[in-house]
Amino acid sequence: MQLQLRSSSSASALFSAVKVKPPSSPPVRVKALFTKNPGSGTLKNSNSNTNPNPMASNPRWAQKTVTLPPLRRGCHLITHKIVKEIAQDLSEFKCGLAHLFLLHTSASLTINENYDSDVRDDTETFLNKIVPEGRSAPWKHTLEGPDDMPAHIKSSMFGCTLTIPITDGQLNMGTWQGIWLCEHRDAPTPRKVVITLNGI
Amino acid sequence: MQLQLRSSSSASALFSAVKVKPPSSPPVRVKALFTKNPGSGTLKNSNSNTNPNPMASNPRWAQKTVTLPPLRRGCHLITHKIVKEIAQDLSEFKCGLAHLFLLHTSASLTINENYDSDVRDDTETFLNKIVPEGRSAPWKHTLEGPDDMPAHIKSSMFGCTLTIPITDGQLNMGTWQGIWLCEHRDAPTPRKVVITLNGI
Amino acid sequence: MQLQLRSSSSASALFSAVKVKPPSSPPVRVKALFTKNPGSGTLKNSNSNTNPNPMASNPRWAQKTVTLPPLRRGCHLITHKIVKEIAQDLSEFKCGLAHLFLLHTSASLTINENYDSDVRDDTETFLNKIVPEGRSAPWKHTLEGPDDMPAHIKSSMFGCTLTIPITDGQLNMGTWQGIWLCEHRDAPTPRKVVITLNGI
Numbered sequence: 001m002q003l004q005l006r007s008s009s010s011a012s013a014l015f016s017a018v019k020v021k022p023p024s025s026p027p028v029r030v031k032a033l034f035t036k037n038p039g040s041g042t043l044k045n046s047n048s049n050t051n052p053n054p055m056a057s058n059p060r061w062a063q064k065t066v067t068l069p070p071l072r073r074g075c076h077l078i079t080h081k082i083v084k085e086i087a088q089d090l091s092e093f094k095c096g097l098a099h100l101f102l103l104h105t106s107a108s109l110t111i112n113e114n115y116d117s118d119v120r121d122d123t124e125t126f127l128n129k130i131v132p133e134g135r136s137a138p139w140k141h142t143l144e145g146p147d148d149m150p151a152h153i154k155s156s157m158f159g160c161t162l163t164i165p166i167t168d169g170q171l172n173m174g175t176w177q178g179i180w181l182c183e184h185r186d187a188p189t190p191r192k193v194v195i196t197l198n199g200i
Numbered sequence: 001m002q003l004q005l006r007s008s009s010s011a012s013a014l015f016s017a018v019k020v021k022p023p024s025s026p027p028v029r030v031k032a033l034f035t036k037n038p039g040s041g042t043l044k045n046s047n048s049n050t051n052p053n054p055m056a057s058n059p060r061w062a063q064k065t066v067t068l069p070p071l072r073r074g075c076h077l078i079t080h081k082i083v084k085e086i087a088q089d090l091s092e093f094k095c096g097l098a099h100l101f102l103l104h105t106s107a108s109l110t111i112n113e114n115y116d117s118d119v120r121d122d123t124e125t126f127l128n129k130i131v132p133e134g135r136s137a138p139w140k141h142t143l144e145g146p147d148d149m150p151a152h153i154k155s156s157m158f159g160c161t162l163t164i165p166i167t168d169g170q171l172n173m174g175t176w177q178g179i180w181l182c183e184h185r186d187a188p189t190p191r192k193v194v195i196t197l198n199g200i
Numbered sequence: 001m002q003l004q005l006r007s008s009s010s011a012s013a014l015f016s017a018v019k020v021k022p023p024s025s026p027p028v029r030v031k032a033l034f035t036k037n038p039g040s041g042t043l044k045n046s047n048s049n050t051n052p053n054p055m056a057s058n059p060r061w062a063q064k065t066v067t068l069p070p071l072r073r074g075c076h077l078i079t080h081k082i083v084k085e086i087a088q089d090l091s092e093f094k095c096g097l098a099h100l101f102l103l104h105t106s107a108s109l110t111i112n113e114n115y116d117s118d119v120r121d122d123t124e125t126f127l128n129k130i131v132p133e134g135r136s137a138p139w140k141h142t143l144e145g146p147d148d149m150p151a152h153i154k155s156s157m158f159g160c161t162l163t164i165p166i167t168d169g170q171l172n173m174g175t176w177q178g179i180w181l182c183e184h185r186d187a188p189t190p191r192k193v194v195i196t197l198n199g200i
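Protein chains in written order, with full-length UniProt numbering: chain A, 1 to 200; chain B, 1 to 200; chain C, 1 to 200.
Just so you know, nobody snuck in bad clues.
Calculated pairs, BS3-like style, for lysine-lysine (alpha carbon to alpha carbon, straight line, at most 25 Å):
{"no.": "1", "chain 1": "A", "residue 1": "K81", "chain 2": "A", "residue 2": "K94"}
{"no.": "2", "chain 1": "C", "residue 1": "K192", "chain 2": "A", "residue 2": "K94"}
{"no.": "3", "chain 1": "C", "residue 1": "K94", "chain 2": "B", "residue 2": "K64"}
{"no.": "4", "chain 1": "C", "residue 1": "K64", "chain 2": "A", "residue 2": "K94"}
{"no.": "5", "chain 1": "C", "residue 1": "K94", "chain 2": "A", "residue 2": "K94"}
{"no.": "6", "chain 1": "B", "residue 1": "K192", "chain 2": "C", "residue 2": "K94"}
{"no.": "7", "chain 1": "C", "residue 1": "K140", "chain 2": "A", "residue 2": "K129"}
{"no.": "8", "chain 1": "B", "residue 1": "K192", "chain 2": "B", "residue 2": "K81"}
{"no.": "9", "chain 1": "C", "residue 1": "K84", "chain 2": "C", "residue 2": "K64"}
{"no.": "10", "chain 1": "A", "residue 1": "K140", "chain 2": "B", "residue 2": "K129"}
{"no.": "11", "chain 1": "B", "residue 1": "K64", "chain 2": "B", "residue 2": "K84"}
Derived from the structure by calculation, the hints contain no laboratory data.
As the structure is a computational prediction, the values presented were derived from the model and not from experiment.
All chains should be built: construct the whole structure from the sequences, respecting the hints.
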């Protein structure tokens, strides 16, 4: 996915050990885009970024359930896995929304930094610090293991659902943004995500 | 709603006291589904799950504001109440999204465990532990009561909006997932939710 | 935006010092609305709130990237700025959804109280209390400054994406709800938001 590509200047071998990144993000590709109103013959378009292809103006839907392989407890970058599953369909949308819904209550989906794995490790550290686990924890729900109730809480903190804009056939995320799956259970299990694409 | 039904083996009278649930979720019903592109005559369909009904391919919208009765402070399972309000319209969507938007800033909507009420109680325990309340709390905003500022914070932690996929006329959630309304105020009040359905 | 207007009785000069607000929200304008199914000739409409304008039944999409000016660290009400950018297009949607996506990983978008700035200050106080920063913090990711890793965590806690219903040409939010941009970095920078409107 192009948004995750780094230029050689920002991630050269010289800097790989200290993992710096530029203080400001490069300019975003997207411009205002107002799309054809199908059936009306008029063009809702407040600037010059028109859509000349009438085929692209037909609303369409695509939905797919993806199974992600088991991942260890912690935060994981899954942008590539998600995009790989939907790339062909994504490319046909000029403008739209991609909706991800995790079918579980002990893991979560979030958008965060896509470059330094330390950010994912530190986020896991935070979650474990903020949600008590083990004998000192005040939970009533303990039958499924000491990590289960904390996992439910973390799932609601970060959420199980994401909606990402689609622009010109791609997920329109910021340069440093990626999709994370946060696995909150100790025992890795496959996780299912329902992906719904909607747009023109 | 079917996804919340339990087989007698997983929730028999014998186990009702200890509230066990199976360690792994049963397989999810949903398969990849790529829907007709209205007006183009072509079928966007990467597998065999076609939609033979051309009527179902017309994009449609439905929107409704539902008022939930007052609930005591804490986390509440409201899946049935929500589905009951939209069931008839939901059944006409082959593929789509259901969007819920809570019109308040001192309560929240989240997706979490639908079976053991202890999970909801423990989540309320967590929220109260993490957000200080009363004389020791550092809040400036106290005129509406000691529970008001904590309620606002909890509302942003869990959020006031959810989007859930629709598949074959039903909310497509995981076996153990349910919709929770978390009431963060001491004084129960009716809560309004705008429900928007969109799909084919 | 009308939802943020206050009547003189609730925010008169007499009360401006103590910032009271009415204990209960006024009734919400929205009624159930079921919209025309384009192309089918049938009307999905469970009550009397029909849409007499056939033009409004054509699904349409609009997408725009908005750049917000730099804001100091803390929580900021941005409803007016967002609505100003999309007002003209918004007015053409009878029913739909407005999706906001922040293209950054060290700030967040949330819905919360739109009236008392103390609520925003207290929320910032909470975030700083809950996420350790500085020498005592356990983070590995520190190269971009002591406020960077806390900013990433806060971004996932509140999220970078919102979906808000559109009803009768306006964002359909509760009386006290507003859109907040929470800036989690010390150094203010412009922030980009992709806004996608979809509806009829």
